[in-house]
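This is what each chain is made of:
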Amino acid sequence: MGYLKKKTGVYYLINAVLVFLLFFVLLNLINNRIINRTSTQILTLICINIILAVSLNLVTGVLGQLVLGHAGFMLVGAYTSALFTMNIGLDLKIAFPISLVLAGLMAAVFGVIIGIPALRLKGDYLAIITLGFGEIIRVIANNLKITNGAMGLSGIKSLSTTKNPSPMFIYAYALAALTVFLMFTFGRSRHGRAVIAIREDEIAAESMGINTTYYKLFTFVLAAFFAGVAGGVFAHQIGVIDPSKFDFNRSVEILIMVVLGGMGSITGSVISATVLTWLPEQLREFSKYRLLVYSIILILVMLFKPSGLLGRYEISIPKFLDKLFARITKKTAKTKTGGA
Amino acid sequence: MHLLLTKDLSIEFGGLQALKDLHIEINNREIVGLIGPNGAGKTTVFNLLTGVYLPTSGAMRLEGNSIIGKKPFEINRSGIARTFQNIRLFKNMTVADNIKVSMHQNMKYNTFSAMFRLPSYWKEEKKVDIKAREFLEIFGMEDKADQLACNLPYGQQRKLEILRALATKPKILLLDEPAAGMNPTETQELMEVIRRIRDQFNIAILLIEHDMSLVMNICERLYVLDYGHLIAQGTPEEIRTNPQVISAYLGS
Amino acid sequence: QPKEDSSTGSKDSDVIKIGGLAPLTGDVAQYGEAVNNAVLIAVDEINQKGGILGKKIEYKYYDEKGDVTEAVNAYYKLVEEGIVALVGDVTSKPTKAVAQKAAEDNMPMITASATEESITQAGKNVFRTCFIDPYQGKLMASYAKNKLNAKTAAILYNIDDTYSKGIADAFEAAAKELGMTVTNTEGYADKSTDFNSQLTKIKTSNPDVLMIPVYYNDLALIVAQAKALGIKAKLLGGDGWDGVLEVIDKSNVDALANAYFCSQYSATDPNPKVQEFLKKYKEKYNKDANMFAVLGYDSMYILADAISRAGSTDSDKIIEALKNTNYEGLTGTTTFDENRNPVRQAIITSFEGNSYKVIESYSMD
Amino acid sequence: MLNVNGINVYYGAIHALKDVSFHVEEGEIVSLIGANGAGKTTTMHTISGLLSSKTGDITFMGQSISKLEPHRIVKLGLAQVPEGRRVFSNLTVQDNLEMGAYTRPMNDRREIERDLELVFKRFPRLHERRRQLAGTLSGGEQQMLAIGRALMSRPKMLLLDEPSMGLSPILVQEIFNCIQEVNKSGTTILLVEQNAKMALSISHRAYVMETGSIILEGAASELLDNDQVKKAYLGG
Amino acid sequence: MDFFNHIINGLGLGSIYALVALGYTMVYGIVKLINFAHGDIIMVGGYMVYLIMVKWGLPIWLAVPASIVICAFTGMLVERVAYRRLLVHNAARISLLITAMGVSIFLQNAFMLIFGTDPKLMPPLFQAEPFKLGSFELASTTVINIVVSVIMMIGLNLLVNKTKIGKAMIATSEDSSAAKLMGINTNRVISFTFAIGSALAAVAALLYCNTYPQIKPSMGNLLGLKAFVAAVFGGIGSIPGAMLGGYLLGVIESLTKAYVSTTLTDAVVFGILIIILLVKPAGILGKNRKEKV
Ligand SMILES: Nc1ncnc2c1ncn2[C@@H]1O[C@H](COP(=O)(O)OP(=O)(O)OP(=O)(O)O)[C@@H](O)[C@H]1O
Ligand SMILES: Nc1ncnc2c1ncn2[C@@H]1O[C@H](COP(=O)(O)OP(=O)(O)OP(=O)(O)O)[C@@H](O)[C@H]1O
Ligand SMILES: [Mg+2]
Ligand SMILES: [Mg+2]
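Chains as they are written, first to last, in the working numbering: chain R, 1 to 340; chain Y, 1 to 252; chain X, 1 to 365; chain V, 1 to 236; chain S, 1 to 293.
For the record, the hints were derived by calculation from the structure and aren't laboratory data.
Heads up, a few of these hints could be off.
[Claimed, not checked] Selected chain S positions facing chain R (in silico; Cβ < 7 Å):
| hint | residue |
| --- | --- |
| 1 | 105 |
| 2 | 106 |
| 3 | 116 |
[Stated by the list, open to error] Calculated pairs, BS3-like style, for lysine-lysine (alpha carbon to alpha carbon, straight line, at most 30 Å):
| hint | chain 1 | residue 1 | chain 2 | residue 2 |
| --- | --- | --- | --- | --- |
| 4 | R | 7 | Y | 131 |
| 5 | X | 282 | X | 60 |
| 6 | S | 55 | V | 75 |
For every residue, glycine included, the Cβ atom is placed at its ideal position computed from N, Cα and C.
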């Protein structure tokens, strides 16, 4: 039980330092224009996709329920947040963070409304029902006045400007880090254990005193919340949203990130969200073959690593350092004794 | 007052009367056996008692309170824990975590403390970790704590299931064929442990078992089911010589 | 204006970099390909004639799959590569997103085919060569009323497509304003292939005209099904109809005899420029050029014309020059109004046998 | 009849069978006993082709079967009653039994019917439940069904993996009687059992496995008296 | 009168859904895989007919069987290359699902590269005069669709329930290693399942092209999704269920368009699906079994 050992605190510290370090390095590079606008945008999108993938991983990887409508929650969040900042008349610097909280909450409300009936079903049926809800949300957004129908919303202001290119990235990064942290801490608590137990055997879990309905709904809603927040950031980053952006294919895209990274592995999701957002950009020159290559890679990975790149394994840099030190100290100890 | 009692308990599966008018009573600290031919309805009794199935009619009471219509987790929290005939462990969780899942209901810290790692989280997790390992000592499995449950040999999986049930702090423990798949030597060891559990935790135990050496040895009373009907009850001696039981179940 | 990497700037100073954005894969790739192919022809021609400002054009384009995010990414990438102006994007949604970003950068931009009204409102740098949706809707309503004497009208449109919805809305409003009765406004979801239910409803109300503001692929299916149901209404449409003859079965062409759409050019235009382009396109890509191609071709020329008039690659100068465009192209003479939309007569086109037939030039007033 | 020669089987990194060799002669009942996780099931699966051995060879009636696919091995007359019953839970009892006769040619219909009757006679409980879905049978009923199903292929040799698990005492007796009967009617039997006493009492010979290797072999009666065996497996 | 027409419209559309759903249900029933590439097999079928009839100018009686055979073969090939390894190793179902999505993306993009992205016009395949029933007129395509789909369903039902290979399919779907121990060559059974499912897709493609004479690389997407929903409607894994689900979906769609809204159709249809699933969690004809504990 790594997390109960004395080292745990040190691990947390190392991780925190690493996350901050990476952040400041990237921020500096962006502000000095060494990382250009395309790359800043891609970094921001990577963070958004990390939030989406990690939150979906909670439901699909940890709780073990196949969900095909994650993009629906993203839609709810994106519209909530965009409509709020566009209509409230507050300074964007204040309105934006508030709008993100609202986006999350609104998506969570939808999560509850959808989750209560949907979670009565399992497996493929749950997948279908979430797919159905996702489509319903999209079609309704396509028909409402407030969402401006199929035209979608445009002119959503971004905090980033040509002069100051970093604010959106700062938000996205901080939120991604927070999401990862919360998913991690949630997963490794009595609540997370209850959720994993449900994945492993629902009947047994319930017979051991776990309120399975509550935990299924809770995880579902939590994931919806984060998807909503991600949607809010996304809307403000791109500036234009319309319902078709959040269709079934988008849900599948997120699902693929989760499965490719490894179901239940947070670091796996982070890595695959990063790679799958970054790589297509690099392959832009070969656009005709891009999806062909992507599909072949997808199939090959699944064939030879069906549980995803990392499976349930988590990459931990502190642990790695630990092992490294252990080896070095062993070696030095050996050479010492050898020398003596 | 009886600890656990069923009255006129019946269930049908699409026309098949799996259980008919079952009366059983179990007192505190008793070890009671439930035996009967295959398909007699023994496991069904467990499923009814733990809320997995809903009875067609009848009453079930734990310490005088009806448990009919309650959900499995509520029943478990009110004091009934069980093991399963076909082992249902949380296979991809560690052995210790399997037990900690059961302790969930008795832990206090909330989701917020968990997600932001407040002190209450650390305190309780530490406590629970130590306790889980203590449970494992009952079967001398403390060295297996950090292995995945699916990597345990079959016999130890059965033992882990018992521990997992025990960790929910039940008043009565239902064991469904705990000795299945164990050889006689292992069965003997198991018998000792079941007695020890009863003494140490002060709980009642209701067990289903086909291994007569175990049943006749540790059960204080036996109920015998056949075709969903209670055909006999009494001490092991009485049952052993009951002609109806011999012809339906024991054989010559 | 983003800092430009000086090293690449100096190295490429003998060319003028113009960016292009188009969906070349994905669901709307056919439109992107048409525009992009035509732009490539235009660039070739211009370069063969010596380029502009004495420099060759380097046309750098990216596929954006019809996706908003990809389009913005690709746009940023083009900017970093040092483009001075942009031809694109092709469909409305990505174009709208790119227009917003381009407005921040003051990047001159001209789209050949993004018809949604609000796109050019993103900034004074955004131009287009195609008609806007409301214009087509209004125009066809007016035509129906004045030339076809229609009293009742029905609409069938694609609810997921801003082009279709834009025209449909404007048509409906204009028709009502003109005193026509709109009997049905029926929608269908993107990628639908079955329209029988909607058409059955429309048939029941038996309108004089049926407005179908959709692209030609959907139209081909709709016409066949309408014919099978025996719908008698005159069919009306927008410029998206151009190309339908390639995808409709010969046996159904007769259903188009009584159909009219507003086109931005005429394939039977005797203007040698037009015929030459059509020929060139066919030779090069083994496909008939359609309206998208024609508009793409004109857009590139309009941009090139503006740059040479501006005499520099400075954004403000190019934009100013674009504003004062008066260009004689395949689509006739184009000037821009205050919203940077083209001012040009529409050509009402119908069908005869297996070919398009120009009826007349028409404008509302 | 069956010759297993130096097989090594791995589950990923786990070395589950280490150089296991043994043989079964025609008409014999041979038992394989051992503690949990000793590798008995693994041995059974390797013989029937569900798992493959890295080295060594298995021959059945003189023919090497270690490279054959499971369905071919069954056709040769080697049937298995798998551990944990593995009945087709959404098929009826009768359909399950008919699946057992899958390898038999269609024109064998009458014979198949007859065998079906025989199985029903041996296990009247199955006859009662023949229209019930197998998944809803009790554990013991399923075990009977699994044995009945294997018999339907009229095997020359039958592999039984813990057939008495979860059965009532009376049924355990019945099953063992049945095994003897089947054996008498000419089917060779390899039996894996936890219930070592019972198993040894009906077997001719037996092997004892421990952690992937065979550590003892001999006539069943000898092993019954062996102190080591007594202590470890017979509870005395 | 109008109502009747809407029902007929729905049945015509529904029969295509039904045929596609049959293929889904077949494969799902045996390997529990939502074969997302199934819709794309239909696309393959469509392009084969196009290639044979339009490009090579060969007659229809050649195009039909050829496209069926090619699709069946494609289905088997896909199974062999992309699924077999996962099936043999008993990989998690979701991995299979993702692989299927990969196959779908692959097929679409491969065809896009080969044939281009613009839709192709299909020649009329089997046209006949509309059927007249008194004052009602029934389009020949609708009649053909309904008749063919019913025949296919009956044939499939017989195949699965009455033949030896059908029984082997059921056994394989239940427990493939136990099936092996019965002497069943499960790999072959699975291959066969994919072949049949894909042949059905080819038939669906023919009817589809006959009804909506236009093909493009992404044509299988929506059709596949709708048919999959239909299969779930009816109870996935159940052959008559798929059929019923297909017809129901078609009719519900048609009636929704007629009497509720043409812009909210998909939302209404999914809403109905959800309600049905909540009332009957295994679909209309699906068997809802309590897990035995
Ligand atoms: N969910 C169900 N649906 C239909 N029938 C069921 C169901 N559960 C149990 N049965 C039937 O009820 C009867 C009793 O089953 P149960 O599992 O309780 O037997 P058991 O006494 O535990 O037998 P064993 O000792 O073999 O485990 C059996 O005939 C079984 O087929
Ligand atoms: N699928 C598997 N993956 C990994 N290890 C396995 C697997 N199956 C079995 N093992 C391991 O291989 C060893 C032999 O297992 P096997 O099932 O053959 O034992 P057994 O003698 O049949 O035991 P039991 O009496 O419990 O049935 C055990 O250590 C077991 O943990
Ligand atoms: Mg039982
Ligand atoms: Mg075993």
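Right, here's what the structure says about each hint:
Given hint, residue 105 of chain S at the interface with chain R, holds; its Cβ is 4 Å from that chain's nearest Cβ, closer than 7 Å. Of the supplied interface hints, the one on residue 106 of chain S holds, with its beta-carbon coming within about 4 Å of a beta-carbon of chain R, less than 7 Å. Residue-level restraint check for residue 116 of chain S is violated (minimum Cβ-Cβ distance to chain R is 11 Å; threshold 7 Å). As the CA atoms of residue 7 of chain R and residue 131 of chain Y are separated by approximately 21 Å, the hinted pair is consistent with the 30 Å bound.
At roughly 23 Å between alpha-carbon atoms, residue 282 of chain X and residue 60 of chain X fall within 30 Å of each other, so this suggested pair holds. Restraint check for residue 55 of chain S and residue 75 of chain V: the C-alpha separation of about 49 Å exceeds 30 Å, so the hint is violated.
Violated hints for the displayed structure, listed by number in ascending order: 3, 6.
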